[in-house]
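Visitor: Listed here are the chains, written in short residue letters.
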Amino acid sequence: MEEVKEDIWELRLYVAGKTARSVAALANLKKYCEEHLKDKYVIEVIDLLVHPQLAEGDQILAIPTLVKKVPEPIRKIIGDLSNEEKVLVGLNIRPAK
Amino acid sequence: MPQESINKDNQELTMSLEPSESRKQPITLPKSGTGIRGLDEITAGGLPAGRPTLICGAAGSGKTLFSMEFLVHGATQFNEPGVFMAFEEKAEELAVNVASLGFDLNELQREGKIRIDHVHVERSEIEETGEYNLDGLFIRLAYAIDSIGAKRVVLDTIESLFAGLTNQAVLRSELRRLFEWLKEKGVTTIITGEKGEASLTRQGLEEYVSDCVILLDHRVENKISTRILRIVKYRGSIHGTNEYPFLIDEEGISVLPVTSLQLNHSVSSERMSSGIPALDKMLGGEGFFRASSILVSGTAGTGKTSIAGSFVDKTCSDGKRAIYFAFEESPRQIVRNMQSINIDLQSHIDAGLLQFSAARPTLNGLEMHLLNIVKLVEKFNPSVVVLDPISNLITVGSNSEVKSVLTRLIDFLQGLGITVMFTALTLNDNRTEQTDDGVSSLVDVWILVRDIESNGERNRGLYVMKSRGMKHSNQVREFVITDQGLKLVEVFLGPEGVLTGSARETQQLLEKTSEALRDHAVSRKDREIERKRFVLESKIASLKEEFESLQEELNKSYIEDELKKSIMDDNRRELTRKRDDLL
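If you read the protein sequences in the order shown, they are chains A and B.
For reference, each letter of the first sequence is one residue, going 1 to 97 in the numbering used here.
For reference, each letter of the second sequence is one residue, going 1 to 583 in the numbering used here.
It should be emphasised that the hints constitute simulated quantities derived from the structure, not laboratory data.
Don't take every hint at face value.
Subject to a maximum C-alpha distance of 20 Å in a straight line, what follows is the list of computed EDC-like cross-link-like pairs (lysine to aspartate or glutamate) [as the list claims (entries may be wrong)]:
| hint | chain 1 | residue 1 | chain 2 | residue 2 |
| --- | --- | --- | --- | --- |
| 1 | B | Lys90 | A | Asp58 |
| 2 | A | Lys86 | B | Glu127 |
| 3 | B | Lys487 | B | Glu505 |
| 4 | A | Lys18 | A | Glu44 |
| 5 | A | Lys31 | B | Glu131 |
| 6 | A | Lys86 | B | Glu122 |
| 7 | B | Lys320 | B | Asp344 |
| 8 | A | Lys69 | A | Asp58 |
| 9 | A | Lys69 | B | Glu329 |
In silico contact screen, one side only, chain A against chain B (beta carbon under 10 Å); selected entries [unchecked claim]:
| hint | residue |
| --- | --- |
| 10 | Thr19 |
| 11 | Val23 |
| 12 | Pro52 |
| 13 | Leu91 |
This one's a predicted model, so the numbers in the text were calculated from it and none came from an experiment.
Glycine is no exception: its CB is placed at the ideal position from the N, C-alpha and C atoms.
Assemble the whole structure, with the sequences as input and the hints as a guide.
Guide: Take a look at the structure:
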């Protein structure tokens with residue numbers, strides 16, 4: 001059980017309103033997760049326009065930002081996540097070359 | 001209505017043609033006071049309100065402190081809450097760092113006057129893929145601003161973003177947008193920036209988007225540091241353009257624009273005694289003018305400090321305040337040494353009339369010394385300030401710097417009506433007429449104390465080199481330091497000029513002797529005359545006697561004749577009667 005729990009990727013995507021960029025980022029993220037982390041991920045989308053107070057906690061500067069809290073280490077990926085290779089490396093799904 | 005506005009315009013036009021200082025400014029740039037001593041004067045009111053200001057400088061130049069003071073003063077003095085967005089230090093670290101200045105950030109945060117937001121950018125945690133913007137930062141800032149109704153914002157330092165994020169193009173355009181956005185928000189912003197090699201900031205961006213740029217510098221010359229502040233640009237406002245030294249001490253930053261060289265201070269014809277009556281006599285009989293500057297220069301051990309001490313003593317005895325800036329001796333040492341010549345400075349210290357400030361010249365740069373003096377003077381409000389000696393200041397600055405500092409100091413003190421006495425060491429050579437500080441032309445009174453070496457001893461001679469606006473003695477007076485204080489001895493002119501020391505005493509003795517001899521001679525002559533008179537008188541008496549005896553002789557024969565005659569007459573009458581009887 002424990003191992004399975006560790007393997008669940010808790011992902012938070014910070015966006016600011018429904019901009020083209022954030023929509024693209026979310027679509028990209030979902031696509032990669034479905035491909036590589038099927039059933040092993042949770043995506044939480046936080047709209048900072050609605051919850052601005054949450055920006056401080058995760059040290060968010062850029063929008064969109066994807067934060068991977070679990071599994072360790074914490075990683076942040078900023079941008080529209082268009083580069084699949086970088087995202088996968090960033091999420092520790094694929095080791096960096 | 002249109003008519004009215006035209007009139008108004010005309011009025012403004014004519015007003016602006018007038019060269020007077022009451023020129024009307026149609027639109028004045030609103031300013032946001034910094035509460036930093038002196039800075040608001042230089043900037044004519046503070047930083048541009050509602051606009052970004054860049055504070056740049058090298059590491060350790062005081063940027064963070066400057067911006068923190070701006071915020072804290074805003075919150076406490078101007079009722080303008082502020083947000084501090086720290087990219088480098090954590091909130092707790094900041095709070096500890098500024099606690100030494102008496103700022104309680106935690107308390108201010110609890111009161112909702114200040115909000116500190118630590119923005120942490122960790123390069124290793126971040127991966128960039130594709131397009132992004134800094135809306136997250138905007139939202140955080142907006143949230144922080146709105147949560148306390150902030151009017152002031154500090155971003156310290158946005159450069160960290162460049163270290164954390166790689167896409168320069170995005171960053172640059174986003175930062176431009178940030179400045180625009182801050183302007184729209186109407187918050188007064190300080191951005192700090194590390195000094196770059198060729199430009200004011202490393203990114204060369206902030207100085208162009210800021211309306212005001214203040215450069216902080218920390219210079220070290222001859223191992224002594226001086227902090228310098230300069231306003232590089234200030235859109236839409238006049239401002240001081242010089243380099244202003246500033247000080248960071250327990251009261252935070254103070255910038256003192258002690259640079260005004262306007263010679264327009266009021267003058268006083270009030271006199272004050274030097275504490276040495278004979279010296280007052282040399283200075284037209286009454287001493288120095290109030291608010292004048294006095295230089296006492298001389299070679300080592302000629303009693304410069306003693307003159308200063310006696311001036312301070314006199315001032316305090318008159319119930320006035322004085323500050324003694326000692327650059328060579330400790331206050332206790334001076335007090336003790338003055339005691340030996342019967343000047344009790346301790347009692348004045350106890351009475352709160354005298355304040356000592358002792359510091360080695362090398363403790364600070366010249367400008368710092370000046371600032372310290374100015375700060376202390378403003379706090380203590382003295383009538384007399386003594387700097388003993390200024391020659392040591394030269395060890396921390398060049399001649400021209402010392403001169404510039406002293407000029408400003410004299411200017412500042414005279415503006416406040418404070419009399420200042422400097423002592424200066426001159427080198428023991430023939431050019432004693434020159435102080436190595438080149439201040440002799442600045443001062444109003446210049447008293448020179450020098451040793452006069454002759455006959456195997458050194459004596460002190462004092463003379464008034466110059467004294468503006470009063471008659472003064474041209475004599476070189478011998479000056480002695482006695483147990484009873486300082487004294488100027490009467491002048492003794494010998495065949496080789498003024499005599500001093502033993503030579504003077506010899507001369508004094510000589511004069512005494514000759515006086516006694518003269519006295520003696522006079523009395524002998526007197527007695528001779530007396531005797532002659534006596535002889536003559538006795539002669540007269542004997543002649544008189546002779547005359548009387550002669551007269552008596554004469555009288556005697558005359559009386560005898562009379563007697564003879566009367567007897568003969570009697571006899572004849574007798575004979576006649578007897579004959580008649582016989583008949």
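Visitor: Each of the hints needs a verdict: does it hold here or not?
Guide: We went through each hint and held it up to the structure:
The suggested pairing of Lys90 (chain B) with Asp58 (chain A) holds, with an alpha-carbon distance near 15 Å, which does not exceed 20 Å. Distance hint between Lys86 (chain A) and Glu127 (chain B) is fulfilled; the C-alpha atoms sit about 7 Å from each other, no more than 20 Å. Distance hint between Lys487 (chain B) and Glu505 (chain B) is fulfilled; the C-alpha atoms sit about 15 Å from each other, no more than 20 Å. A hinted pair counts as satisfied when its Cα atoms are at most 20 Å apart, and Lys18 (chain A) with Glu44 (chain A) qualifies at roughly 15 Å.
For a cut-off of 20 Å, the pair hint linking Lys31 (chain A) to Glu131 (chain B) stands: about 18 Å separates their Cα positions. The hinted pair formed by Lys86 (chain A) and Glu122 (chain B) meets the criterion: a straight-line CA distance of about 17 Å does not exceed 20 Å. Restraint check for Lys320 (chain B) and Asp344 (chain B): the C-alpha separation of about 15 Å stays at or below 20 Å, so the hint holds. As the CA atoms of Lys69 (chain A) and Asp58 (chain A) are separated by approximately 10 Å, the hinted pair is consistent with the 20 Å bound.
Distance check on the hinted pair: Lys69 (chain A) and Glu329 (chain B) sit about 65 Å apart at the alpha-carbon level, beyond 20 Å; violated. Here the hint on Thr19 (chain A) is kept, as its CB sits about 8 Å from the closest CB of chain B, short of 10 Å. The interface hint given for Val23 (chain A) is broken, as the beta carbon of that residue sits about 13 Å from the closest beta carbon of chain B, more than 10 Å. Annotation: interface hint on Pro52 (chain A) holds; nearest CB of chain B at approximately 4 Å, less than 10 Å.
Here the hint on Leu91 (chain A) is kept, as its CB sits about 9 Å from the closest CB of chain B, short of 10 Å.
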